[in-house]
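Peer 1: Sequence:
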Amino acid sequence: MKVAFHTFGCKLNQVETEAIAEMFAAEGFQISDEREADIFFVNTCAVTHRAEAKSRRLLRRLGREHPGKVIAAGCLAQLKPQKVDGFADIKLILGTKERMQVVEILREYNHQKIYVSSNPVGEFFHSGGNRFHSRSFIKIQDGCDRHCSYCIVPELRGPSVSLPLSLVLQQVKKALEHIPREIVLTGVDIGSFRDCDGAILADLLVELVKLPELVRLRLSSVEPPGFTSDLVEICAASEKICPHFHLPLQSGSNKILRKMNRGYTAEEYLELASSLADKIDGIRIGADVIVGFPGETESDFKRTIDLIEKSPITHLHIFPFSPRPGTGFSEQDDTVHPVVKSERARCLKTLIAERNRRFHQNSLGKVKTVFFEENGSKGGFTDNYIRVFLPGEALTGFHPIRLKSLHPDRNGVIGEIIK
347 MKVAFHTFGC
357 KLNQVETEAI
367 AEMFAAEGFQ
377 ISDEREADIF
387 FVNTCAVTHR
397 AEAKSRRLLR
407 RLGREHPGKV
417 IAAGCLAQLK
427 PQKVDGFADI
437 KLILGTKERM
447 QVVEILREYN
457 HQKIYVSSNP
467 VGEFFHSGGN
477 RFHSRSFIKI
487 QDGCDRHCSY
497 CIVPELRGPS
507 VSLPLSLVLQ
517 QVKKALEHIP
527 REIVLTGVDI
537 GSFRDCDGAI
547 LADLLVELVK
557 LPELVRLRLS
567 SVEPPGFTSD
577 LVEICAASEK
587 ICPHFHLPLQ
597 SGSNKILRKM
607 NRGYTAEEYL
617 ELASSLADKI
627 DGIRIGADVI
637 VGFPGETESD
647 FKRTIDLIEK
657 SPITHLHIFP
667 FSPRPGTGFS
677 EQDDTVHPVV
687 KSERARCLKT
697 LIAERNRRFH
707 QNSLGKVKTV
717 FFEENGSKGG
727 FTDNYIRVFL
737 PGEALTGFHP
747 IRLKSLHPDR
757 NGVIGEIIK
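In terms of our numbering, the sequence shown is numbered consecutively and its last residue is 765.
If you are wondering where the hints come from, they were derived from the structure by calculation, not from laboratory data.
Quick caveat, the model's predicted, so the values are computed rather than measured.
Do not take every clue at face value.
Stated by the list, open to error - Think about it this way: if two alpha-carbon atoms lie no more than 20 Å apart in a straight line, the pair counts; the simulated SDA-like pairs of lysine to any residue are:
no.: 1; residue 1: Lys443; residue 2: Gln360
no.: 2; residue 1: Lys556; residue 2: Asp576
no.: 3; residue 1: Lys695; residue 2: Val685
no.: 4; residue 1: Lys415; residue 2: Tyr455
no.: 5; residue 1: Lys357; residue 2: Ala367
no.: 6; residue 1: Lys459; residue 2: Ser482
no.: 7; residue 1: Lys426; residue 2: Arg402
no.: 8; residue 1: Lys415; residue 2: Asp384
no.: 9; residue 1: Lys443; residue 2: Cys497
no.: 10; residue 1: Lys437; residue 2: Ser378
no.: 11; residue 1: Lys415; residue 2: Arg403
no.: 12; residue 1: Lys519; residue 2: Ser482
To be verified - For each label pair, taking beta carbons as the anchor points, the in silico distance ranges come out as:
no.: 13; residue 1: Asp624; residue 2: Glu762; range: 51 to 57 Å
no.: 14; residue 1: Asn607; residue 2: Cys693; range: 24 to 30 Å
no.: 15; residue 1: Glu373; residue 2: Glu655; range: 48 to 54 Å
no.: 16; residue 1: Lys625; residue 2: Glu655; range: 18 to 24 Å
Glycine is no exception: its CB is placed at the ideal position from the N, C-alpha and C atoms.
Just need the whole structure built from these sequences, with the hints factored in.
Peer 2: See the structure below:
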């Protein structure tokens, strides 16, 4: 049988879909596109209203076109299983925990439709990659204990749980057996990593950078409270750890940060970002910002603009606020007009586009090791996440490249091979 996959939402969702695809392949299923599939696995998202709407639309369409062949899994299935059941002729509805058991559930299929635990707990799996892929995502943590006032993730994924340090090392070593790879540590909140023996993220990094076969280690998003001073020093001391960090900001207004229950002030965020930039040459820092949070005034938004301008942030993910069920915010609390949200988002996009352009411009002339996962014409990435294109080249792996010029059409630069 052939299985097609669709994924919405975060990078972790994508990693989990890839792991599920490997489970299907190990059981003899073929991975295919939608045109030839017998089963359609949709890993949904419900973290934002927009992601939920996209998930709903696809489930409805696939259910109409392929009745009895669609598996709805993940966050939307966890949040609203009965509503998903009403979309169309869905075969299975699997929560965030149960989706990792999908092959077993199909093997023992007894016409039960909904498998959703009321108390989801993160599931781990071997995520070391295989000999055919050069980037390997290692899921080290799942769930969240921070309980930001607007965020539904703790309800969808449960409390924070971590893979034992020894098992992380085992997966990384396995991933490095065949070819040099970029290892990416991922999870919902990897800054809260703490295994059963008390090892934290800083301890894990100390052990990982000792591995002689490790070329490049990248961290996924780390919440500011989890980016400790020890972690800053470890990242600054190792050339193996990529100088590219994502530090969710959400707002530059202390009033809004308190309403969000973020656990830090604007001043503390700026101090952390500045400390990283002072200690790590060529660093690139990204952030998330929510615009139009309930009660956000023009003055509050101006504080966000001011903080970004003072900071080393060079790229942003911008999200207009949307109330999520179970968070304490309802549609009635969504008091900032959609037009105002759009204007604030546009303002941030304009600001960050110029900062991003300057960052790329300042990189020109430098020689960087670029990692190409597919081929040069499609682009590869430097350690600080500059996308580099080599038109006409079919390179894979790590190569020294001189950064020559800004790409005229795409967000990145054109490079040339150093021979």
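Peer 1: Each hint needs a verdict: does it hold in this structure or not?
Peer 2: These are the hints, each one checked on the structure:
With a C-alpha separation of about 15 Å, the suggested pair Lys443 and Gln360 falls inside the 20 Å cut-off, and the hint holds. About 17 Å separates the Cα atoms of Lys556 and Asp576, which keeps this hinted pair within 20 Å; it holds. This hinted pair checks out: Lys695 and Val685 have alpha carbons roughly 15 Å apart, not beyond 20 Å. Taken as a hint, the Lys415 and Tyr455 pair is honoured in the structure, with Cα atoms around 13 Å apart against an allowance of 20 Å.
Among the hinted pairs, Lys357 with Ala367 is consistent with the structure: their alpha-carbon atoms are about 15 Å apart, no more than 20 Å. Proposed proximity of Lys459 and Ser482 is contradicted: the alpha carbons are some 33 Å apart, above 20 Å. Only pairs whose Cα atoms come within 20 Å are accepted, and Lys426 paired with Arg402 is accepted, the gap being roughly 11 Å. Restraint check for Lys415 and Asp384: satisfied, since their Cα atoms lie roughly 7 Å apart, inside the 20 Å limit.
Simply put, Lys443 and Cys497 have alpha-carbon atoms about 19 Å apart, close enough for the 20 Å limit, and the pair holds. Of the supplied pair hints, the one linking Lys437 and Ser378 holds, its CA atoms being roughly 19 Å apart against a limit of 20 Å. For the proposed pair Lys415 and Arg403, the alpha carbon gap of about 16 Å is at most 20 Å, so the pair holds. For the hint pairing Lys519 with Ser482, the CA-to-CA distance comes to about 11 Å; that is within 20 Å, so the pair holds.
In this structure, Asp624 and Glu762 break the distance hint of 51 to 57 Å, their C-beta atoms being roughly 31 Å apart. Here the CB-CB span from Asn607 to Cys693 is close to 25 Å, well matched to the stated 24 to 30 Å. Checked against the given bound of 48 to 54 Å, the beta carbons of Glu373 and Glu655, roughly 53 Å apart, stay inside it. At about 21 Å, the beta-carbon gap between Lys625 and Glu655 stays in the expected band of 18 to 24 Å.
When each numbered hint is compared with the structure, violations occur for hints 6 and 13.
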